[in-house]
Amino acid sequence: MIQILIRKFLEVLLFLLFITFVSFLFIRLAPGDPVLTILNVDELSVSQEQVEALREEMGFNEPLLVQYGRWLISFIQLDFGSSYTTGQPVMDVIFRGLPATLELAGGALIVMLAVSIPLGSLSALYRNSWIDQASRILSILGAAVPSFWLGLLFIDLFGVRLNWFPTMGRDGLLTLVLPSLTLGLAISGVYVRLLRSSLLDSLSQEFIRAARGRGLSERRIFFVHAFRHSLPPVITFFGVSLGSLIGGVLVIEVLFAYPGIGKLVVDAIRGRDYPLIQGYILMMAVIVFIVNTCVDLSYRYLNPEMRIKEREVSG
Amino acid sequence: MKGWSLPWPKANKRRWLGAVAWLCVLLVGIVAIYAFFVLRHDPTLTNLDHRLQGGSLQHPLGTDQLGRDVLTRLLLGGQQTIGYSLLALTVSLVIGIPFGLISGFRRGLVDRIFMRIADGFLAFPDTIVAIVLSGLLGAGIGNLVLAIVIVKWVSYARLVRSTVLAESQKDYVLIARTNGLSPGKIMRKHLFPHIAGHVLVLASLDLGKVILLISAFSYIGLGAQPPTPEWGAMLNDARPYFQSKPEFMIYPGLAIVVTVLLTNMLGDYLRDRFDVKKEVQS
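Same order as they appear, the protein sequences are chains E and A.
Residue numbers 1 to 315, in the numbering used here, belong to the letters of the first sequence in order.
Residue numbers 1 to 282, in the numbering used here, belong to the letters of the second sequence in order.
The shape of chain A in the complex, shown without the other chains (with noise of 0.2 Å):
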């Protein structure tokens, strides 16, 4: 029997790390759909004669200071939440592997204006932009994700042109050009397969920063604006209740902890399997 190991041996422990991941991952979309297809509460409709009771088969979670529902807001919470993270971040990634590429593959007048561009953003942080546009645009979700997507798709493009001016240099892109391919196909064909992973790795590393930065945002009320169910905008609504009902409280910010370890762990998993740990991190 020496041979004879553990059906899942140590070198598989993060495969599996990733699998729960993923499964969570999906299990809290599916949970998020069944909530927008199935739940029958109004997130939104009050009903005073109900406010602030506990739970009851009817509202497992109880109700909140107005009668609402506090499942169903909980729920759809999550939707707004991790809805407006990945809008943001999907539209970052169709802005900057474009610009990325074309930065790096092509150089020329392009890159050198990206590049001015890019040390300019870099000069300042992120966050702080973030801070600065949604005060310049005013309060709300909308303009926290224009945000969010005018400070993001810069590191996206950032990180897709050094990997494309690494990738130029390989002999199959060479061949290619000898063969004639124009340089769209080239970028379409040949490179973007192979920068789409390190791209999805940084991607799913910053959803979760995304999510706490709307929730935080939403809290102070430059995000989501009340009566709309976002996570960090139920906890600023219901602090005047934390004495009285501590579980809304605790409710939306296991939420956010919750998703967010999730999302992270999903960055981690994806990062292993890429194994592009140190491109992501320099």
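So here's chain E without its partners, still in its complex pose (with noise of 0.2 Å):
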């Protein structure tokens, strides 16, 4: 197991110093002048002298390997600069705007939770019913909906129409109902179907049989046995989308003016802002990694044979 993680660390590692490097050389070969963008900033008229004294503070000057060494070995001491924009070191941007991303993501999945287990166990239970046939609309559904156009159409109709919530920012609670509802609803569609599926697999499972045979209630054998053995599937294909549901936080976080670290990148990519580019492409490598790693954990936890397996294997 600690062999396993140990590669994948290596692997994200790899990984990373290979896109620091590539997006290292966008910075110093990009058609905007890092140096004219910061000195623009104020849209004041800039000397030739300016800009050549900022260049060699900057160190651009250097052999671009030499710049590269020099940014990595700050970049090990977590530290990337400051934005080019506002002058405040990325790391303490990024940290800013991160526990709002968190609160949206974590919304959004109980959200996801609350559509997906209630509508997914229905529709494994009452298999071909009025309830799996709206299932599998909503997710037929859910699947073409783009999530910036539900979000705008809860925009105009709670927000606007209604005026039951906030619609913009981040003050509390009620800012977050809309954004994680948005969120929520666009990604459970996939969930209820995959969740449906798992659970009619393990339900057809011998184990089922022997719990019924041991005389068990059909609850307990449905909600600790069958759903137990249901999730991998589900917490795997968590895993896999991690990538798409960073993206929805994104350009949720756009639509609704919400302060996060997604917002924060789109507008770092329009400013063409590179430390905090870079500062972001980090802090996504860090919670993939993470998020990973507890998925990998969990497999273990949620199947008694694979822990079995490893033992007899070093054992």
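Incorrect hints may appear among the rest.
Derived Cβ-Cβ restraints for the label pairs, each shown as a range [to be verified]:
1) A/Lys189 x E/Leu98: 46 to 56 Å
2) A/Pro227 x E/Ala257: 18 to 28 Å
3) A/Gly180 x E/Leu14: 52 to 62 Å
4) A/Ile113 x E/Phe165: 50 to 60 Å
5) A/Val20 x E/Phe9: 41 to 51 Å
6) A/Leu23 x E/Arg219: 40 to 50 Å
7) A/Thr90 x E/Leu13: 31 to 41 Å
8) E/Thr236 x A/Thr90: 41 to 51 Å
9) E/Val224 x A/Ile113: 46 to 56 Å
10) A/Gly108 x E/Arg212: 49 to 59 Å
11) A/Val20 x E/Tyr126: 20 to 30 Å
These are computed hints drawn from the structure, not numbers from a lab.
All values derive from a computational prediction rather than experimental measurement.
Glycine included, each C-beta is placed from N, C-alpha and C at the ideal position.
Got two chains here, each in a separate frame; can you build the complex from them with the hints?
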């Protein structure tokens, strides 16, 4: 297990090294001169001397590899430099936006669970009933409706016409409702169907028959035995689709003018604020690594077979 | 009358579904082409005298905040969104298929290098790579397409590779080899027809996702830039006018939903037809 983790970690590290180098190259080769970007913030005219001085100060006159090496050293020290546009340290900016983003992602996941667990279970229990058909239609629609459009409709309905919830910014729980609802509903369609098919698969297994034979109550069989056995595929899918969740969060943050790191990076991309983009990349790499590790660990917890196999292999 | 049954028995229901989907996709294509040749309004021509008009004979869906014909923009938006999605997928296939073929059939160094790259990409989710790339390359529809290609070709090459690995063990490849066919010819004439179906299915299932990605990125300003009539960008454009003209919000959104719905149906139909459910899912 530890070996796998280390390998995964190394893979992420290697990829990070690659992508930071590429992004570093882009920064230096990109059409927009970062020095001019910094100096042009206030739309004042700049002299050639100012440009040269700043270029020297930022070390742009040295060979590329030296620059990359120096940048890498500060990278290891978690120092990403300062944002071109605001001048604040990148890590500060990111850590200020991160809680908002995690709240939004958490809210969306709660909505997703609240929708997909009951709907998925009922669809599996009452197969081909009206509720199963409804959940099927819902998931087909869910795969086709763009999340930002759903958000726009919600803003129009709940924000503007009914005026129930605020539609912009981040100010307490109320501002979290619409963004979480939008994102949660947008992603839940897949999970409903996945949980349903996984539950159906579990219910046809031998151990369910064995449990019935032992005289356990149907409720216990379903919620403890079948449910537990159905989770790994769902969790796997969560790990695989983490990227689309992060992308979804980004779009929703822009839509609701929600001050998380997604909106931050979109603004950074528009303003060619490369240090900020790099900080974002790193943050995502860390999140992806943590989530994937949790997914791997949860298998061991949910699937006793795996633990036994491992013991046999090592022992 | 015992053996009598309806003209379309139940087993063929999916086939009909597929036919309907094909027809609709064709329809969308025809409409988009029709828009290109027949519609007289310039999609980017602004006319402030005619701004925010309701539906009329001349402007069936009215005009937008700059006096541009909404129907024209909607139809041409379809060209943009679907066209760029198809472009991204086609280029990914053109790169991915040969790479997967060579990697799976020839093995060796190419394969090892490819697997390293593929593992690297696998460690990082698609969407994030797309965000990062469009971040580095700058906002714009061309860069977005490039980002999608860079992400997608790997998944097609992987699929092709794994299919080729399995196919290479079969007798017909062995016979072709013993008959002295060159590896290039075996790949082209024997392996390619076997994998084409699988790849087509995966690509058609991806089409809807790519359309959604492109319109979403255009909505947040990282894809197509105004005044290009792209559906996502149109929604972003019209946002200040939603309260007075809610239909601005409805038309492009519905266009996306219907298009993605149809392409997904098409993908499902192809998957059933080629019967590749397992491989595509795994």
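Results for each hint:
no.	hint	in the structure
1	A/Lys189 x E/Leu98: 46 to 56 Å	holds, 55 Å
2	A/Pro227 x E/Ala257: 18 to 28 Å	holds, 23 Å
3	A/Gly180 x E/Leu14: 52 to 62 Å	violated, 42 Å
4	A/Ile113 x E/Phe165: 50 to 60 Å	holds, 52 Å
5	A/Val20 x E/Phe9: 41 to 51 Å	holds, 49 Å
6	A/Leu23 x E/Arg219: 40 to 50 Å	holds, 47 Å
7	A/Thr90 x E/Leu13: 31 to 41 Å	holds, 34 Å
8	E/Thr236 x A/Thr90: 41 to 51 Å	violated, 30 Å
9	E/Val224 x A/Ile113: 46 to 56 Å	holds, 48 Å
10	A/Gly108 x E/Arg212: 49 to 59 Å	holds, 54 Å
11	A/Val20 x E/Tyr126: 20 to 30 Å	holds, 28 Å
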